[in-house]
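One line per chain: the protein sequences are A and B, in this order.
Residues 1 to 318 in my numbering are what the first sequence spells out, letter by letter.
Residues 1 to 534 in my numbering are what the second sequence spells out, letter by letter.
Calculated directly from the structure, the hints in this document are not laboratory data.
All figures in this text were calculated on a predicted structure; none of them were measured in a lab.
Hints are supplied without guarantee of correctness; some may be wrong.
[Unchecked claim] The following label-pair restraints were derived from C-beta to C-beta distances:
| # | chain 1 | residue 1 | chain 2 | residue 2 | range |
| --- | --- | --- | --- | --- | --- |
| 1 | A | Asp128 | B | Ile95 | 37 to 43 angstroms |
| 2 | A | Leu156 | B | Glu65 | 42 to 48 angstroms |
| 3 | A | Arg93 | B | Asn354 | 31 to 37 angstroms |
| 4 | B | Phe33 | A | Leu156 | 40 to 46 angstroms |
| 5 | A | Val290 | B | Tyr203 | 53 to 59 angstroms |
[Claimed, not checked] Under the rule of at most 30 angstroms between Cα atoms (straight-line distance), these lysine-lysine pairs were calculated in the DSSO-like manner:
| # | chain 1 | residue 1 | chain 2 | residue 2 |
| --- | --- | --- | --- | --- |
| 6 | B | Lys452 | A | Lys238 |
| 7 | B | Lys260 | A | Lys15 |
| 8 | B | Lys455 | A | Lys238 |
| 9 | B | Lys452 | A | Lys247 |
| 10 | B | Lys455 | A | Lys9 |
| 11 | B | Lys114 | A | Lys125 |
| 12 | A | Lys238 | A | Lys120 |
| 13 | A | Lys9 | B | Lys531 |
| 14 | B | Lys114 | A | Lys99 |
| 15 | A | Lys235 | B | Lys72 |
| 16 | B | Lys236 | A | Lys151 |
| 17 | A | Lys120 | B | Lys210 |
| 18 | B | Lys220 | A | Lys9 |
| 19 | B | Lys72 | A | Lys151 |
| 20 | B | Lys72 | A | Lys247 |
| 21 | B | Lys72 | A | Lys234 |
| 22 | B | Lys114 | A | Lys120 |
| 23 | B | Lys531 | A | Lys151 |
| 24 | A | Lys125 | B | Lys108 |
| 25 | A | Lys235 | B | Lys531 |
| 26 | B | Lys236 | B | Lys67 |
| 27 | B | Lys108 | A | Lys120 |
| 28 | A | Lys120 | B | Lys220 |
| 29 | B | Lys236 | A | Lys247 |
| 30 | A | Lys153 | B | Lys264 |
| 31 | A | Lys153 | B | Lys72 |
| 32 | B | Lys108 | A | Lys99 |
| 33 | B | Lys72 | B | Lys264 |
| 34 | A | Lys15 | A | Lys235 |
| 35 | A | Lys234 | B | Lys452 |
| 36 | A | Lys153 | B | Lys40 |
| 37 | B | Lys210 | A | Lys153 |
| 38 | B | Lys531 | A | Lys153 |
| 39 | A | Lys235 | B | Lys452 |
| 40 | A | Lys151 | B | Lys67 |
Just so it is clear, CB atoms sit at the ideal spot from N, CA and C, and this is done for glycine as well.
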Amino acid sequence: MMRFFGETKINFIGKRNIAFAISGAVILIGIIFMFISGLKYSIDFTGGLSLELEMTPNTEAAAIVSIEDIRQVLRDEEITDTEIQELHDMEGRRLILIKTQVTGEEEARTGFTKGDRIVKILQNKFPDNYNPETFVRQQDEVGPRIGEELKGKAILAIFWALVGIIIYIWWRFEFTFGIAAIAALVHDILITVGIFAIFGKEVSLPVVAALLTIVGYSLNDTIVVFDRIREDIKKYRKQTYADIINKSINETLSRTIITSVTTFLVVLCLYIFGGSVINDFAFALLIGVVVGTYSSIFIASPILVGYFNKRLASRKKK
Amino acid sequence: MRNRKLRSLLIIAVLVFTVYFVAPLLFEKLPSFWTDKELKLGLDLQGGMQILLEVDYSELELSVEAKKDAVKTALEIIRNRIDQFGVSEPSIQPIGENRILIQLPGLKNFNRAKELIGKTALLEFKLVAEGEQVEEVYNSLDSYLENNYEKYPYLEDLDLVEAAPAVDVLSDEDSLATDEEGENSNLFTALVSSDDVPGRVPYKHINAFKALLNDEDFIKEIPAGLQLALEKISKKDPYSARILYVLHSQAELSGDKLDKASTKIGQGYDPKTSGKPYVSLEFNKEGAKIFKTVTGQNIKRRLAIVLDNVVYVAPVIQDRIPSGQAQITGSFSLDEVQDLVIVLESGNLPAPVNVIEERTVGPSLGNDSIRAGVRAALLGLALVVVFMIIYYGLSGIVAVIALMMNMGFILAVLTSLQGTLTMPGIAGLILTIGMSVDANVIIFERIREELKSGKTVRSAVDAGFSRALVTILDANLTTLITALVLYQFGTGPIKGFAVTLSIGIVGSMFSAIVLAKAIFDGMITNVNRDKLSI
C-alpha cells in the first residue's frame, strides 16, 4: 500500500524556538492589523442591514441600473450612509448588495424597516429591473441591541468551550496537558482571527461557529498526540521527556497528516464550490485545519516538554 | 461469542434504522406511513422569512403579570394572522421573556407577510347572518365559481364535483345548502362542506379557500353587507374541519370599547354552571350603551367575536344586557377560556411590538445554496473515497463503507428527529466526511505499527483496535464538548451545524469501532490470512 513516509525521526521539539518565533510573528502581525484597520464585524454583531437584490433588466429595452443610480435614488430619500456593491452569482445573475446601519428610528417613523423601505423605493424606481419572485435574494436586518447580545454570546461560547475542554483533559490526563492544549487552541483562534484582520474579511456568526469548530478539530488532533505521549511516557521511563515526546509525535505523524489531508480536501471543496453563503465559514476552516494541525505538533507538545522538564528540575532540587 | 451476537444485532439495528429513514430521501414511491417523517429544508435552503419580535414594555409601568399577558396577547394575535397566509409550516415561538420568533419557510410574498404582521390587532363584535341571507351567499358564490372555474386551477385538484352534497342539506344554524342542477353547480358549497355538511371547511380545502378569500373578484360576489370568516384553528386538532361563518360586515362594537375581560369559574349549585370556567366581559360606558341596544334587538341570534377576521367564538345572545357586564358561557375548557380572554384583551394591546431582527432568503439563493452544497459534498466525498482506497487498499474500502454508513446515519437521525437541514448543516455534513475517517485512520495506522513489530494479522488487528479505542474516545468526546457548546450558543442555522457535527461524531465512533471491526473480523476469520491489505 501507499505510504507517505516510513519511520520518521524528525526532531520537532528541537525546532520549537523557530516554531514559536513564526507563530509569534503571525499573531503579532494579525494584532497590528486589528489595531490599525480594526477587525471587521458583520451585521450579526454590529447590527445593521445587509440587502441582496437581483437586478436584471426584464426587457430588452431596459437599461442596466448602475450603482451610482441606486445611490442617487436612495440619497433622494435621505438614505445616505450606504455601501453598495455589485456581485455576480454562479448563474451570472446581476446582484446588488447594499449595506447600511439601522437605528430602529426609521421603523418608528415610517412603519417600515429600513430594508423594506429600500426594497420599496428601488422596485418603484426601477420597475424594468424588478422581478417579484426573485427581487429580494437575501435580507438580513439586525437591531443594534441584538448585535451586542450576540457578541457577548459568542465570546461566552468560546470561553465555555475552553473551560469544558480543560476540565475533560484534567480528568482524563492531567492538568498540565489541559494547559498545553488550551495554549494551542488560543494560538489557533488568534492566528485565524488575525488572518481575517489581515485580509479584511468580516467576522460573522458562521465565522464564530467555524472558530469553535477549529477548536474542536485542533483539539482532536492534539489529543491523539497527547494520548500517545501518555502511553510512551509509561513505556520509556529512562529517556528524556524531549525524546519521548519527539518519538510520540513521529509515531502519530502519518495519522496527523492523513486526517489533515482528508479534512483539508473537503473544506477546500466547500470553499471553492460551497457557494456564497458559507464562503467565509469555509475560509476560516481552511486556515483552521492547517493551523490546528501545526499547533498540535509545534505548540502543544513543546509546551508539555517545558512543563515536564521544569517539574523534573524542581523535584530534583528537593 | 455472545458479545459477537450482540454486536451483530446492534449493527443490524443501526442499519435497519438508517435504511428506513434514508429511503424516503432516495425513492419517491413509498407507502405514506413510511414518508410520515421527512427531512425538512431550513429557511436558508428553501427560502423564507424569519422575524424576531420584541414586545416593548420598557416605557410602561406594568406588573410582572401584565407583562406576561402582553406577550401572550401578542403571540395569539400573531398566530392568528400567520394562519391567514397559508404557509405550510409556520413556526411561532416565544423566546426568553419578551420575544417572539416567527419562521415562515417557503414564503414568497414577503411584503404582504410583513404588512400583516405589523398591523394593529382589530377586535370586533359582529352578528352572524342567518337563513335566506346565508343561502344567498352560497348561491351567488356557487354560480360565480361555475362560470369562472378556469380562473382557479387549484380547485381542480380537490375533486369538488364528486364531493358535492347530492341532496339539499338544511343546517340548523350556520348555513343552508343550495339545490343541485348541473355537474358544477355547487362548487362553493362542496368546497366548504365536510361530510356533506355545508358550513364546515375540511382541512384539505383550507388553503384553496384562503386563496379564494384573497381574490378580489371572488370577494366582489359576496352580497353586500355580508362577509365570510373562518373559525379559529383548533389547538387540540389543527387538522379538523373549521366552521365557516357568514357575518354582517358592519361591526356592532369594536374591541376598544371593552374595558376588561377575565376568566371566572362558575359558583353555586347548578350542575350546569358550577365549577365551569367562563369569560366575564365589562364594557366601558359608551360600549355598555351600544351593547344594550344590540343585545336587546337581537335576542337568540349569535354575536361573533372576531379578531383580524377570524371568529373565536359566536355565543347566542340570551337576553338584553343593560349593565355592560356580560358572560360568555358554554362547555369551554379552562385553556379555551383563557385564550379567549387574551383575544378580548388584544383590542387594547398595551405594549408595542417591534421587529428587532429579520432574515429573509429568496428562493433563488436557497436553490443556489442547495446546488452548491450538493456539489461540494459529492466532490469532497469522491476525493476522500479515492484517497482512502489508494492509501489503504482493501482496508480503505472498509473505511469507505464506514463513512457511507455514517453519512446515512446522520441523515437518518435528522429525519427521525424531524430535524431541519440548513446550509451550515450541509457544511457540517461535508466536514464530517473529512473528519470521520479519522477514527479509521487512527486504527489503521496502529495496525500497521503492530504488523511492523512482527505480530500476526489477527493479533495486530485486535491490538490495533483496542489501543486505538482510548484515543478515539478521548479525541471524539472533547470534540463533542465543543459541538455541544456550539449548539447552546447557536441560533437556528448554527444549531443545525452543531447537530450534524454531533451526530457525525457519535456515528463515526460507532462505524469505526463497531462496524469496521466486525468487517475486519469477518475478513480474518473466514480466510486464514497471513497478509492484510492495509
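Here's how the hints hold up against the structure:
1. Asp128/A - Ile95/B: 37 to 43 angstroms: holds, 41 angstroms
2. Leu156/A - Glu65/B: 42 to 48 angstroms: Cβ of Leu156/A to Cβ of Glu65/B: about 31 angstroms, so the range 42 to 48 angstroms is violated.
3. Arg93/A - Asn354/B: 31 to 37 angstroms: The hinted range 31 to 37 angstroms holds for Arg93/A and Asn354/B, with Cβ atoms some 33 angstroms apart.
4. Phe33/B - Leu156/A: 40 to 46 angstroms: Since Phe33/B and Leu156/A have Cβ atoms about 44 angstroms apart, the given range 40 to 46 angstroms holds.
5. Val290/A - Tyr203/B: 53 to 59 angstroms: The hinted range 53 to 59 angstroms holds for Val290/A and Tyr203/B, with Cβ atoms some 55 angstroms apart.
6. Lys452/B - Lys238/A: Satisfied, since the Cα-Cα distance of roughly 24 angstroms is no more than 30 angstroms.
7. Lys260/B - Lys15/A: Violated: Lys260/B and Lys15/A sit about 79 angstroms apart, past 30 angstroms.
8. Lys455/B - Lys238/A: Within the cut-off at roughly 25 angstroms; holds.
9. Lys452/B - Lys247/A: holds, 16 angstroms
10. Lys455/B - Lys9/A: holds, 23 angstroms
11. Lys114/B - Lys125/A: Judged against 30 angstroms, a Cα distance of about 21 angstroms means the pair holds.
12. Lys238/A - Lys120/A: violated, 77 angstroms
13. Lys9/A - Lys531/B: Answer holds: Lys9/A to Lys531/B is near 27 angstroms, not above 30 angstroms.
14. Lys114/B - Lys99/A: holds, 21 angstroms
15. Lys235/A - Lys72/B: violated, 65 angstroms
16. Lys236/B - Lys151/A: violated, 40 angstroms
17. Lys120/A - Lys210/B: holds, 26 angstroms
18. Lys220/B - Lys9/A: Roughly 87 angstroms separates the two Cα atoms, so the pair is violated.
19. Lys72/B - Lys151/A: Measuring from Cα to Cα gives roughly 29 angstroms; hence the hint holds.
20. Lys72/B - Lys247/A: Since the Cα atoms of Lys72/B and Lys247/A sit roughly 64 angstroms apart, the hinted pair is violated (cutoff 30 angstroms).
21. Lys72/B - Lys234/A: violated, 63 angstroms
22. Lys114/B - Lys120/A: With Cα atoms ~13 angstroms apart, Lys114/B and Lys120/A stay inside 30 angstroms; holds.
23. Lys531/B - Lys151/A: violated, 56 angstroms
24. Lys125/A - Lys108/B: holds, 22 angstroms
25. Lys235/A - Lys531/B: Between Lys235/A and Lys531/B the Cα gap is close to 28 angstroms, so the pair holds against 30 angstroms.
26. Lys236/B - Lys67/B: holds, 26 angstroms
27. Lys108/B - Lys120/A: Holds. Lys108/B to Lys120/A sits at ~16 angstroms (cutoff 30 angstroms).
28. Lys120/A - Lys220/B: Distance of about 28 angstroms is within 30 angstroms: holds.
29. Lys236/B - Lys247/A: Cα-Cα ~66 angstroms, so violated.
30. Lys153/A - Lys264/B: Violated, because 43 angstroms separates the two Cα atoms, which is more than 30 angstroms.
31. Lys153/A - Lys72/B: holds, 26 angstroms
32. Lys108/B - Lys99/A: holds, 23 angstroms
33. Lys72/B - Lys264/B: Within the cut-off at roughly 19 angstroms; holds.
34. Lys15/A - Lys235/A: holds, 24 angstroms
35. Lys234/A - Lys452/B: Judged against 30 angstroms, a Cα distance of about 21 angstroms means the pair holds.
36. Lys153/A - Lys40/B: Measuring from Cα to Cα gives roughly 28 angstroms; hence the hint holds.
37. Lys210/B - Lys153/A: violated, 41 angstroms
38. Lys531/B - Lys153/A: Since the Cα atoms of Lys531/B and Lys153/A sit roughly 54 angstroms apart, the hinted pair is violated (cutoff 30 angstroms).
39. Lys235/A - Lys452/B: OK: Lys235/A and Lys452/B at ~18 angstroms, within 30 angstroms.
40. Lys151/A - Lys67/B: holds, 27 angstroms
Comparing the model with each earlier hint shows violations of hints 2, 7, 12, 15, 16, 18, 20, 21, 23, 29, 30, 37, 38; every other hint is respected.
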